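Guided by the hints, dock chain L onto chain V, whose structure is given.
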Amino acid sequence: MRKVAVIGAGMTLFRRILQETGKELSFLATKMAMEDAGIEKKDLDMVIMGSAPDAFDGIHLKGENLLDGAAAANKPYVRVFNGGGTGVFAPIAGWWHVASGVADVALVVCEEKMGSCFPHPQTAFRHIWDPFLDRPLNTNLVWLFAMEMNRYMTVHNIKKEDIARVAVKNKRNAVGHPCAQLPDENITIDDVLNSEVVAWPVQRLDISPPSDGASALILCSEEKAKKYVEDPITIAGVGWNIDSTMWTNRDLYFPRYVANAAKMAYKMAGIDNPRKEIDFAEPYDPFDYKELQHMEGLLLCDKGEAPILTREGVTQRDGNLPICPSGGLLGVGNPIAATMGQKVCELYWQLAGKAGKRQIPTDPQIGVGQAWGDIMQMGTVIVMKR
Amino acid sequence: MMSMKKEGYPKYAPGTHVSRKDIRNKNKTYTWWEPEVQYSWAMGPAISRFLQELKNGKIIARCCNKCDRVIVPPRMFCEYCYKPTDKWLYIKDTGTVETFSIAYLDGDARRIKDPILIGVISIDGASPQHGFMHYFGEMKPEELHIGMKVKAVWKPEKERTGAITDIKYFKPLKGGGK
Chain V
2 MRKVAVIGAG MTLFRRILQE TGKELSFLAT KMAMEDAGIE KKDLDMVIMG
52 SAPDAFDGIH LKGENLLDGA AAANKPYVRV FNGGGTGVFA PIAGWWHVAS
102 GVADVALVVC EEKMGSCFPH PQTAFRHIWD PFLDRPLNTN LVWLFAMEMN
152 RYMTVHNIKK EDIARVAVKN KRNAVGHPCA QLPDENITID DVLNSEVVAW
202 PVQRLDISPP SDGASALILC SEEKAKKYVE DPITIAGVGW NIDSTMWTNR
252 DLYFPRYVAN AAKMAYKMAG IDNPRKEIDF AEPYDPFDYK ELQHMEGLLL
302 CDKGEAPILT REGVTQRDGN LPICPSGGLL GVGNPIAATM GQKVCELYWQ
352 LAGKAGKRQI PTDPQIGVGQ AWGDIMQMGT VIVMKR
Chain L
449 MMSMKKEGYP KYAPGTHVSR KDIRNKNKTY TWWEPEVQYS WAMGPAISRF
499 LQELKNGKII ARCCNKCDRV IVPPRMFCEY CYKPTDKWLY IKDTGTVETF
549 SIAYLDGDAR RIKDPILIGV ISIDGASPQH GFMHYFGEMK PEELHIGMKV
599 KAVWKPEKER TGAITDIKYF KPLKGGGK
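If you read the protein sequences in the order shown, they are chains V and L. Heads up, the first sequence is in the numbering used here, so the first residue is 2 and it goes up one at a time. Heads up, the second sequence is in the numbering used here, so the first residue is 449 and it goes up one at a time.
So that you can see chain V by itself, here it is in the shape it has in the complex:
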C-alpha cells in the first residue's frame, strides 16, 4: 500500500440553517480545500462523498444530487455512508482510493443539511429504527443516548458534573473556530447542570446542535504530495468496525467496536502504546459523555478513567492529552457527515501548525480522529502524523 498525505482542507460555516443548497455548500468547502492545496478540478482523479441519512434532506440519491458541487462531474465518484461514522469513514474511503494506487489525488467531501427537515431533524431519525420492535414505541433517538449515558454513568459511578466539564471545555475551545455554531467562552458547569432536562440524564447543554454545513479534504499519494507541500501530513492508520444490530443484547457502557477500530488503525500506524504515542485526539462528541466513552474506546485511558482525566485538566488544549481542540461537535456544530471538519481536517490543521487560536502549544506529532455511527455500533478511526 502507498502512503497517503493530506494536502488541503476546507469547511463552511456551521449553522442551524444555511441558505445555500447542499450542492453549493459542497462547492464552498471544496473550493477552500483546493485553494489550500493549490490544485484545480482537473488535478483530481476521483471524488468520495460522505453524507448521512437521506431523510434529513428529503432527497434520495443524495450522492447524485450533490455531485456537481463536489467537483465530481465526469469523474469516478462514490458516496459512502454509515450514519454518524461517515465523517471519518469518508476520508478512510479516500485513503484506500489513494493507498491502492487507483488514484493519485482524491477529493473527499462531506455534506449535511439538517435544517430542511420539519418539525425537527429528530423526525427523520425515526426512519432509522427497526420497524418491528423499536418504531411502535414511538422512539426518539435522544432516549437511546440517554440510556447509553445512564448505563455508562452507573457502571463507573460517574457524576453528572464530571460529564458536564466536557461540554464546557468544547464550547470554550470552539471560540477560536471561525465556523463555530455554539462557541461560548463564559459557559460554566452550572449552566450545563441547570439546563433543561431533555431525557434524563441528558440535558439541553449535553447535546450538540443539528446543523447545516460541509467540509472537504484533499488526499494525495505521498510521493506526489511533495510537489505541493514540503513536509506532508500523512495518514498513518485507519480502522473501522461495527457491532451487532441487536443493541438491546449488549452492554452499552463500553464501545467495543471503537476499540476494535482503534486497534486496527494503531496496528497499521505501528503504534504499540497509544497512551504514550498519541499527542492529541478528536473523539466524536455529539453528546458530552460520548467524548469520555470514546477516549476509553480509543484506548487512551482505562475504562471509567476519562472523566477523571477531564476533571484534572489533562484534556484541555494545554494539557498533556488535548481532546477536541477544535471545539468538537458540542462547540462547532453537528452537521453529521460534515463533522469531518472537526474530526479529520482539524488533525491536519493542528499537525501542520495551522490551527491559529486553536493551536495546541506542544507541537503535536501524532493525532487520532474518530467518529461513531449507525445505531450505537459503528466506530471509524484515523491516525495522522506529521
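No lab work stands behind these hints: they were computed from the structure. Bear in mind that the values here come from a model prediction, so they are computed numbers and not experimental data. Any given hint could be a false lead.
[Claimed, not checked] Facing chain V, according to a computed beta carbon distance under 10 Å, are these residues of chain L, among others:
| # | residue |
| --- | --- |
| 1 | Glu-455 |
| 2 | Pro-458 |
| 3 | Tyr-478 |
| 4 | Phe-498 |
| 5 | Leu-499 |
| 6 | Glu-527 |
| 7 | Ile-550 |
| 8 | Gln-577 |
| 9 | His-582 |
| 10 | His-593 |
We treat Cβ as the ideally placed atom computed from N, Cα and C, and that holds for glycine.
Same frame as chain V, but now just chain L:
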C-alpha cells in the same frame, strides 16, 4: 509551495445563516414538500412468532446450541456463530432494568410535561443482557433504577394485536413474581 504559516485555518467561513423565522415569514425563497408514502413490512419467521406469542401473553426466545445463548428478540440465525438457531423456548415475563431514561421529549422531539419512562429490560430466562426496549409504569420516576426487578403488564387479551405494544409497560416486581 504551501507554507506552514502560523495563521489560523480555516481562513474564512463561507455560508449564509438564515433563521427559521426567515423561512416562516417567507423572507427567503423556499419550497415545501410533504411526502405521502406508506410501508407494509412482512416480519419474517422469527419476529412473527415472537409477536404472535406476545398476543398469547408469552415471551419466546430462540436458542443457539453452539454459543449456548437464549436469544431475545429471537432470530432464525445466530449472528456470532453464523448458523441457524436451534429451537424455540418460552421465557418469563419478568426481568431486570439494564438502563433507562426519563424522557421529556416525544418521538418528534416535542416537549412533554409527563415524562415517558423508557429503558432496556433483560428478560429472565434469556442470556444475560438479552432483552428489549420498553416503557415502565406504576412507579414514580425517582423509583426507577438500574438493576430493578420488573414484570410485564399485558394489555387485555382482546386488545392485543401481535405487536410489541401488547405489553403495556413493565412495572416493579414485588414479592417474587407469579
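Hint check: is the beta carbon of Glu-527 (chain L) less than 10 Å from a beta carbon of chain V? holds (5 Å)
Would the hint on Ile-550 (chain L) stand, with a C-beta cut-off of 10 Å toward chain V? Nearest chain V Cβ about 4 Å off; hint holds.
Taking the closest Cβ pair, is Tyr-478 (chain L) under 10 Å from chain V? Cβ of Tyr-478 (chain L) sits 9 Å from chain V, so the hint holds.
For the hint on His-582 (chain L), just tell me whether its beta-carbon gets within less than 10 Å of chain V. holds (7 Å)
Does His-593 (chain L) pass the interface check with chain V, least Cβ-Cβ distance below 10 Å? At about 8 Å, which falls below the 10 Å cut-off, the nearest Cβ of chain V leaves the hint on His-593 (chain L) intact, so it holds.
Gln-577 (chain L) as an interface hint toward chain V, with CB separation required under 10 Å: holds (6 Å)
Measuring from the C-beta of Pro-458 (chain L) to each C-beta in chain V, is the shortest one below 10 Å? holds (5 Å)
Does Phe-498 (chain L) pass the interface check with chain V, least Cβ-Cβ distance below 10 Å? holds (8 Å)
Checking hints one by one. Is Glu-455 (chain L) an interface residue toward chain V, by the C-beta closer than 10 Å rule? holds (6 Å)
Can you verify the interface hint for Leu-499 (chain L): is its Cβ closer than 10 Å to any Cβ in chain V? holds (7 Å)
No hint from the list above goes unmet by this structure.
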